[in-house]
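Q: Please work from the sequences and hints to get the whole structure.
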Amino acid sequence: MKITEKEVRYVADLANLSLSDGEVHRFQADLNEILGHIDRLNDIDTAGIEPMTQVVYEAGDTTTLRADRERPPLGTEAALANAAQAGAGYFKVPKVVER
Amino acid sequence: MDIPSLTIDQVREGLLARRFSAVELAREALSFAEARNPSTNAYLHFSPERAMAAAAHVDQKLARGEDPGPLAGVPIAVKDVILTKGVRTTCGSKLLAHYTPPYDATAVTRLEQAGGVVLGKTNCDEFAMGSSNENSAFGPVRNPLAPDRVPGGSSGGSAAAVAQGTAVLALGSDTGGSIRQPASFCGVVGVTPTYGRVSRYGLTAFASSLDHIGPLARTVRDAAVLLAAIAGRDPLDATSAEAPVPDYTHSLNGAVKGMKLGLPREYLRELKSETGDLIAKGIETLRRLGCEVRDISLPATDYAVACYYIIATAEASSNLARYDGVRYTFRSASSGTLTDMYRHTRGEGFGAECKRRIMLGTYVLSAGYYDAYYLKAQKVRALIARDFAQAFSEVDAIVAPVSPFPAFKLGEKIDDPLAMYLSDIYTITGDLAGIPCMSVPCGKTAEGLPVGMQILARHFDEPSMFRLAYAFERAGGAS
Chain A
1229 MKITEKEVRY VADLANLSLS DGEVHRFQAD LNEILGHIDR LNDIDTAGIE PMTQVVYEAG
1289 DTTTLRADRE RPPLGTEAAL ANAAQAGAGY FKVPKVVER
Chain B
985 MDIPSLTIDQ VREGLLARRF SAVELAREAL SFAEARNPST NAYLHFSPER AMAAAAHVDQ
1045 KLARGEDPGP LAGVPIAVKD VILTKGVRTT CGSKLLAHYT PPYDATAVTR LEQAGGVVLG
1105 KTNCDEFAMG SSNENSAFGP VRNPLAPDRV PGGSSGGSAA AVAQGTAVLA LGSDTGGSIR
1165 QPASFCGVVG VTPTYGRVSR YGLTAFASSL DHIGPLARTV RDAAVLLAAI AGRDPLDATS
1225 AEAPVPDYTH SLNGAVKGMK LGLPREYLRE LKSETGDLIA KGIETLRRLG CEVRDISLPA
1285 TDYAVACYYI IATAEASSNL ARYDGVRYTF RSASSGTLTD MYRHTRGEGF GAECKRRIML
1345 GTYVLSAGYY DAYYLKAQKV RALIARDFAQ AFSEVDAIVA PVSPFPAFKL GEKIDDPLAM
1405 YLSDIYTITG DLAGIPCMSV PCGKTAEGLP VGMQILARHF DEPSMFRLAY AFERAGGAS
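Chains as they are written, first to last, in our numbering: chain A, 1229 to 1327; chain B, 985 to 1463.
Hints are not guaranteed to be accurate.
[Said to hold, decoys possible] Result set (SDA-like, lysine to any residue): computed pairs, CA atoms no more than 20 angstroms apart in a straight line:
(1) A:Lys1320 to B:Lys1069
(2) A:Lys1230 to B:Lys1078
(3) A:Lys1320 to B:Arg1306
(4) A:Lys1234 to B:Ser1318
(5) B:Lys1363 to A:Leu1263
(6) B:Lys1078 to A:Gln1313
(7) A:Lys1230 to B:Ala1239
(8) B:Lys1363 to A:Gln1313
(9) B:Lys1265 to B:Pro1283
(10) A:Lys1320 to B:Ala1037
(11) A:Lys1323 to B:Lys1256
(12) A:Lys1320 to B:Lys1265
(13) B:Lys1069 to B:Leu1220
(14) B:Lys1078 to B:Ser1319
(15) B:Lys1069 to A:Leu1308
(16) B:Lys1256 to B:Lys1363
(17) B:Lys1069 to A:Arg1268
(18) B:Lys1393 to B:Leu1406
(19) A:Lys1323 to B:Lys1069
(20) A:Lys1230 to A:Gln1282
(21) A:Lys1234 to B:Tyr1353
[Unchecked claim] FRET-style restraints, in silico, Cβ to Cβ:
(22) A:Pro1301 to B:Gly1320: 53 to 59 angstroms
(23) A:Lys1234 to B:Asp1132: 30 to 36 angstroms
(24) B:Pro1283 to A:Arg1294: 38 to 44 angstroms
(25) B:Asn1237 to A:Asn1270: 33 to 39 angstroms
(26) B:Glu997 to A:Phe1319: 50 to 56 angstroms
(27) A:Lys1234 to B:Glu1378: 48 to 54 angstroms
Note that these hints are calculated values from the structure, not bench results.
Just so you know, even glycine gets a beta-carbon here, dropped at the ideal spot from N, CA and C.
A: Here it is in structure tokens:
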């Protein structure tokens, strides 16, 4: 087993995912199977290879940056239109600080 | 007019000859699509107001004697991971069932500027994660050519709409094969352009170093015209490329004699199947057209699925962190503290495949595992890109299968995630290298299921890819 039930619950916590016990067991089995396949990466020699962090093409370092000019923002009303809960121009969430 | 077989050129001719107006076409295309949609579930919802406004705009331009644009009046479907201002965009997820974007994706803006008419939004795997369209929160899509089978995924609705004739063109997105594989399964043309060729502004992010927007169409020409309309630098997407956009239709001339094509032996050696036979026949067609076909090797291929499912899930786990019950409509009813609210919202909102990928991605990025998984995968990705660069020093294009098999039955593979991941082997390599690649119809199995042939080319060499695809299409594929 590459990943234990305890680790599955730990990772779910990191990812802010509530999982049922059934899901924990299912994902433990799935992740073990997938990580088993991923193990084959140990067989390929990558000594001296630079990691590919982005697809690169011929362009200078800053050519893809747009001009730093003011643009009208989206606006509060549009930004809040899809809020689960909004009020007084803000996103509302459960209280985190006691008065 | 014959709605289900329309091409861009036919729409243009009809409009210019005043046989129909753009508004009449839009109305007829919408009612045809609405009537046919229940048999496939390809569209999640329609956008009649937007379609009629765009069509009216085209008619005004025509009345004034102005050029109405290369996509004038053409009915287009847009995958529901691509934002449309004022038109619901769900990403196939319960989390976004009621989400209405405040802005348009650049690709949508551009296709409307070119005269295109957006009919509606197409079904897909949740957040574009899947190869069968069975991971949609709004029900699977049925393959229009075989209703008991999947259309492929994740752009299954876009491919099905084009195949069914309920759209002339569609936008899809591709992170690991999500345009090409459904195009292959539904017998249409699907193009994944070079990374950076089309702006992703307004594309819901899945794996940012791999995500592409691209066209689906019934002909190579239509796909090329749509790509030209949406491609090019966009100041709103820093990863979009400066390179000028050529007129791709200039490449559609059949001049493929002497083109050097590579056949990757790692892709073909295990393909002893009807799909393999059809690809072999397709290669014979290309030889007959005067192409020089030679074996090439892409030795890192065996590591591609492992590499992809580390990078894609790591990036996804980060990109999907934003769906936390604050900004994007859905919030769990059973929330206590702020943290509980996040956890329950995500636990209730995401479907199984998204959760699986968030878990895998979070795991490979977690303390102590980063070097062994993510960093290692980035190095293997560099090797996969190097394989292609090496191959393209010898050949002009690479020819390969799209999928190891044709459309499978609904439910057949849903319980075996690893098997589903492994079936992406031929398409994920192009995404990892960032090169342009496409699926063009090759032939049909004895059962009548379409099989696509994949063409891959150098960075920004869409012209060679289209040149070959067009000649292959005109020659009748594997026939």
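Q: Range hint 53 to 59 angstroms: satisfied by the CB atoms of A:Pro1301 and B:Gly1320?
A: violated (33 angstroms)
Q: Assess, step by step, whether the Cα of B:Lys1393 is no farther than 20 angstroms from the Cα of B:Leu1406, and give holds or violated.
A: Measuring from Cα to Cα gives roughly 17 angstroms; hence the hint holds.
Q: Tell me if the straight-line CA distance from A:Lys1320 to B:Lys1265 falls inside 20 angstroms.
A: Violated. A:Lys1320 to B:Lys1265 sits at ~61 angstroms, over the 20 angstroms cutoff.
Q: Is the hinted pair B:Lys1069 and A:Arg1268 satisfied, with a Cα-Cα distance of at most 20 angstroms?
A: Distance ~44 angstroms between B:Lys1069 and A:Arg1268 Cα, so the pair is violated.
Q: Next pair to validate is B:Lys1078 with B:Ser1319; report whether the Cα-Cα distance is within 20 angstroms.
A: Holds. B:Lys1078 to B:Ser1319 sits at ~17 angstroms (cutoff 20 angstroms).
Q: For the hint 30 to 36 angstroms, verify it against the beta carbon of A:Lys1234 and that of B:Asp1132.
A: Given about 42 angstroms between the Cβ atoms, the range is violated.
Q: Between B:Lys1069 and A:Leu1308, is the straight-line Cα distance small enough, at 20 angstroms or below?
A: Measuring from Cα to Cα gives roughly 15 angstroms; hence the hint holds.
Q: Are the Cα positions of B:Lys1265 and B:Pro1283 separated by 20 angstroms at most?
A: Judged against 20 angstroms, a Cα distance of about 24 angstroms means the pair is violated.
Q: Does B:Leu1220 sit within 20 angstroms of B:Lys1069, going by the straight-line distance between their CA atoms?
A: holds (16 angstroms)
Q: Given the hinted pair B:Lys1363 and A:Leu1263, is their alpha-carbon gap at most 20 angstroms?
A: holds (18 angstroms)
Q: For the pair supplied as a hint, A:Lys1230 and B:Lys1078, is the alpha-carbon distance within the 20 angstroms limit?
A: Roughly 32 angstroms between the alpha carbons, so the hint for A:Lys1230 and B:Lys1078 is violated.
Q: Is A:Lys1320 close enough to B:Arg1306, meaning Cα to Cα at most 20 angstroms?
A: holds (15 angstroms)
Checked against the numbered hints given earlier, this structure breaks hints 1, 2, 4, 7, 8, 9, 10, 11, 12, 16, 17, 19, 20, 22, 23, 25; the rest are met.
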